[in-house]
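Chains as they are written, first to last, in this note's numbering: chain A, 285 to 712; chain B, 285 to 712.
Quick caveat, the hints were computed from the structure, so don't treat them as lab data.
Errors might be hidden in some of the hints.
One copy or two, it doesn't matter: identical chains are merged, so the pair holds either way.
[What the hints assert, rightly or not] Keeping only pairs whose Cα atoms sit at most 25 Å apart, straight-line, the calculated DSS-like set for lysine-lysine is: (1) K531 to K399; (2) K402 to K299; (3) K531 to K441; (4) K399 to K525; (5) K568 to K531; (6) K299 to K566; (7) K612 to K566; (8) K598 to K357; (9) K462 to K402; (10) K568 to K598; (11) K299 to K366; (12) K299 to K399; (13) K505 to K476; (14) K476 to K299; (15) K462 to K399.
Protein chains: 2
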Amino acid sequence: MVEQDFAVVEDTGLKARTTFQATRQAAAAVRNLGDSTKAELLNNLAERVLAQRDFILTENQKDLDRMDDSDPKKDRLLLNEKRIEGLAQSLRDVAQLPDPSGGVLLERTLEQGLKMQKIAVPMGVVGVIYESRPNVTLDVAALCLRSGNACILKGGKEASFSNACLVQIIHESLDKFKVPAAAVTLLPTDRKYTQEMLTATRYVDLIIPRGSEALIQYVRKNSLVSTIETGAGVCHTYVEKSADLEKAAAIVVNAKVSRPSVCNSLDTILVDRAVVKDFLPKIKDGLAAHDVEIFADEIAYQILQSVDYPFLQKAQPEDFGREFLDFKCSVKVVDGLTEALAHIQEYSSRHSEAIVSEDTEATETFLSEVDAAAVYANASTRFTDGAVFALGAEIGISTQKLHARGPFALEKLVTEKWVVRGDGQVRA
Amino acid sequence: MVEQDFAVVEDTGLKARTTFQATRQAAAAVRNLGDSTKAELLNNLAERVLAQRDFILTENQKDLDRMDDSDPKKDRLLLNEKRIEGLAQSLRDVAQLPDPSGGVLLERTLEQGLKMQKIAVPMGVVGVIYESRPNVTLDVAALCLRSGNACILKGGKEASFSNACLVQIIHESLDKFKVPAAAVTLLPTDRKYTQEMLTATRYVDLIIPRGSEALIQYVRKNSLVSTIETGAGVCHTYVEKSADLEKAAAIVVNAKVSRPSVCNSLDTILVDRAVVKDFLPKIKDGLAAHDVEIFADEIAYQILQSVDYPFLQKAQPEDFGREFLDFKCSVKVVDGLTEALAHIQEYSSRHSEAIVSEDTEATETFLSEVDAAAVYANASTRFTDGAVFALGAEIGISTQKLHARGPFALEKLVTEKWVVRGDGQVRA
């Protein structure tokens, strides 16, 4: 297994560079696979994953055995029959997506009859750094291969047996289609390899960190390779004074409790002073049913106390701009749209932001002024998702503005290349 | 003037943040200008530049007076009547370009009837770091304003009087259209401000370094803000064995001598062993006429020596992968396409690469396998240019793969935003 190959090597830097170089060379082989071959390869991989389910479960069990039962990551690490079937289905779904590479984006005849084309080409080598979920290993490999890219995977230590086993199965499919195994390279879990990858500008074209805010900050600070940050979401929902308060309550409760561990879940409720007394009692039961702890500003605290909200705290300054990722949220009362916009500009991580309002002008101002990847009127921020947005399997949700913003998928794993054909032309 | 405002301030960090914050706020005003207003503003600016030519020439002279006559940067710094007319014409040209912001890129109805749009929106605040040419000040400001962005300019010390004067004129136009002056902010030349801008992730959305390789490396290493590298060009031309050697000679000479100081000029000639004896004598006169110094590998050295090439050196390893930016180039003899591709993969900066060949298969392999922003068959690499590619005024030539690759213009100064309108929808 890849893991063991590396374990005996002393000079991480040298070994890493040799590895990256092999992946760079394998990228050419992947780029030259035809559209239908890439689809066949992924369907073949889906078959193999199903056929080797016992092997996968055995290796996954080794990872599970090392983790404490109380660890919340245990469920994300777990594979079972049903999840393995889901993995195979995902591979088949990606196989059916259109190939984003090879298309002619622009065609022009330039001065002196030069023929110019701008074409979509694979990125080359894509590095992905991720944490405990082993399904990411298959998802990323599938998306990269589908778009003609090689990839370097840096998974979490806690999933090392699962990841190594899945990559071994991927290598069997690659081998069948005469693609070098290095086209999907799993790095050892030693953090030194992350550092090596972040500086390997000649071998790696793009790095995507998927994981905690700490990981993303580390990558931002240390990477010399271009990155797409898939990041933290500090998400607000603003209940404007004209809001239908029943709708507002349903949206706020959904945005908080439907899946608090994900980046598009609600962190802070902004409520217009004009409606705060009527509004807060309406979310009391919905939030209390999930033991949601509320960090409330002074006015909100008094109102929630008066209705005996059971999990109430006084908000501290650090409770605003905080990504809770838990059954917790903060509440702030604002004097209208301008203050709400200023608060969001100050504290948002520019992921997903919502307004609930029946006033068209206020709504459109909010949608236009708020600088975030996704902005909502009268809907839950929880909808920010590649599958919901009908993009196909999602690589991540980008919180940066270059190249990909918001949920992004296969189509963003390509770059452009200008091809110019002449007959001896020189520039004046 | 901006320059003097800053001179009294001690705490660079604090002053810089206040400045960036003002630009961030001004960005909203620019974003909300209508298409025709932005065009009018730039036409107004063109008028003002012409009307104030004496002021511009006086301030430019102060910069020129500080520079030694032998400095090759002096010509780039110089403004005269004709160049000022060119600046005004550029502004009018940008005014006529279509506004890249505001367009709906995608429209879908999602689950539960949610209406989703992906729209093109301005980046927000664009930072540009550049060196001696004062025309960049107007070009960048114009492109940013046209696309609805504010900008922060960090020009070179040697052009500080010229830049401050041009920004003052820009501010007059902004004032006429009720846009805050901070929408186009010129930073003091003190390098500390560059460092502050590179870490101002909350206020600056994109940084574009335009200049030397040293500047670009510094930015790559230190920036926490997303960047588009407009970079160094280590450009090869490969003379394949089937090449029409007359065409090849014309292309190689043009690629080297027509403007050696720019990034798309030739650095290394790769010649097939089968034709090297016939080929090198054909470039002798064309290169010698410009005193081009050739750093030749052993075989090429012998051939060039036998025809008495006057400016001949033995190539050292560091002469390959070197960007000369001067009347200098290196020559290497290769054993066919495979070796040429391997050399380019190892040494190219992925800017512009060319093959000269009459063999369609070799040509297409080259165009497909070479990983560069622009690849050429039977033409000079000197064509890599936004104006030549008919993109309108160029911001730079990107050597990275994310967002913009090769010559890029106005259309790349926007990002995407997902706007979702609902009626109370929550996620299951």
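Which of the numbered hints are not met once you compare them with the structure shown?
Violated hints: 2, 3, 6, 8, 9, 11, 12, 15; rest satisfied.
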